[in-house]
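Enquirer: Quick mapping for you: the protein sequence lines, in order, are chains A and B. Quick note on numbering: the first sequence equals residues 452 to 587 in this note's numbering. Quick note on numbering: the second sequence equals residues 68 to 200 in this note's numbering.
For the record, the hints were derived by calculation from the structure and aren't laboratory data. Check each hint, because a few of them may be wrong.
[Stated by the list, open to error] Among the chain B residues that face chain A by a calculated CB cut under 10 Å, a handful are:
#: 1; residue: N72
#: 2; residue: G73
#: 3; residue: A86
#: 4; residue: G88
#: 5; residue: T91
#: 6; residue: E92
#: 7; residue: F107
#: 8; residue: A126
#: 9; residue: V131
#: 10; residue: I134
#: 11; residue: A139
#: 12; residue: L155
#: 13; residue: E156
#: 14; residue: T164
#: 15; residue: F177
#: 16; residue: L199
Glycine included, each C-beta is placed from N, C-alpha and C at the ideal position.
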Amino acid sequence: MSVAPITDAEAVLATAIRNALAAVAGTYQGRPQAYYQLAPQGAPLPLVVYQVQSGVIAARERVGARGATADVTIRALATDATAARALLALTVAPMAALAFAGYTVTATYLRSPIIPPDAAGTYQSAHLWRVDIERA
Amino acid sequence: MALINGYDGAFKIGAGSTAVGYLTEVSVEIDQEVKKQGPFVGNSTISKVRGGKDAKGSAKGYMVSPIDSGQALVLSNIDGGTNVQLVLEVGNPALKTLTIATAIIGNVKFGPKADEGVPISFDFEASGGYTLT
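Using the sequences plus the hints, can you model the full thing?
Expert: In structure tokens, the structure reads:
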């Protein structure tokens with residue numbers, strides 16, 4: 452156990468989720484279409500975007516140890532609602548198998564925010580997860 | 068001078084000093100027994116003398132999978148009815164260390180909360196004193 456803060460928690464979280472979702476998100480320009488925070492301009496649908504909710508990764512403090520925790524939204528974007536829901540459904544199993552060397556990364560499902568389609572006809576389906584990071 | 072961070076420290080169990088993990092709070096109480104003498108005939112004052120010293124405390128946290136090895140020792144010691152050494156270190160490096168060479172774990176409480184994981188808490192008390200260094 453260590454009381455040092457996990458200052459690289461964002462990199463751990465972003466990498467673990469991208470690697471986990473790569474297998475279900477397809478590829479565009481050689482990169483998995485599981486994008487952290489923002490999809491690149493012109494990326495074709497369907498794709499997945501994930502982001503830290505409220506922009507906060509918090510320390511998780513205990514006697515003799517510190518971990519990190521963040522709420523993460525996984526959004527599947529597609530041209531129709533059915534496709535968005537189908538893609539989001541594929542992300543559930545990978546979220547149960549997050550991994551990053553030297554850490555234990557676990558995700559707990561919290562809820563599913565409802566997001567209306569935008570004017571361009573992009574439909575979204577989303578899950579909110581709590582992601583906890585501990586030193587292995 | 069600076070405040071000590073609550074996460075700086077450790078709570079250890081057993082001869083091997085296994086850290087008990089995933090604790091959010093540890094509290095220890097040191098008691099000094101005080102005995103009254105008096106009043107006496109013709110002397111209304113009450114004197115007080117020191118009796119024995121004692122230590123007891125409690126800890127709480129939450130359970131994880133796989134079971135934390137320190138928490139497993141807490142459970143096995145109360146279940147097996149065995150005394151055990153407990154050590155509380157405050158600060159990192161330790162500024163104060165309380166060692167209870169022979170402690171009795173008198174109570175363990177744990178169980179699932181649907182929206183909050185599985186909290187665990189336990190109480191302990193010294194048998195035969197303690198050392199504070």
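Enquirer: Now, for every hint given, state plainly whether the structure supports it.
Expert: Comparing the hints with the structure gives:
1. N72: This hint holds: N72(B) lies near chain A, its Cβ roughly 7 Å from the closest one there, short of 10 Å.
2. G73: With Cβ-Cβ at 7 Å, under 10 Å, it holds.
3. A86: Nearest chain A Cβ about 6 Å off; hint holds.
4. G88: holds, 6 Å
5. T91: Hint on T91(B): holds, closest Cβ of chain A at ~6 Å, below 10 Å.
6. E92: holds, 7 Å
7. F107: Violated - the Cβ of F107(B) stays beyond 10 Å from chain A, reaching only about 49 Å at its closest.
8. A126: Holds - the Cβ of A126(B) comes within 10 Å of chain A, reaching about 8 Å at its closest.
9. V131: Cβ of V131(B) sits 8 Å from chain A, so the hint holds.
10. I134: violated, 14 Å
11. A139: violated, 15 Å
12. L155: holds, 9 Å
13. E156: Since chain A brings a Cβ to about 8 Å from E156(B), closer than 10 Å, the hint holds.
14. T164: Given a least distance of 13 Å, the restraint on T164(B) is violated.
15. F177: violated, 16 Å
16. L199: violated, 18 Å
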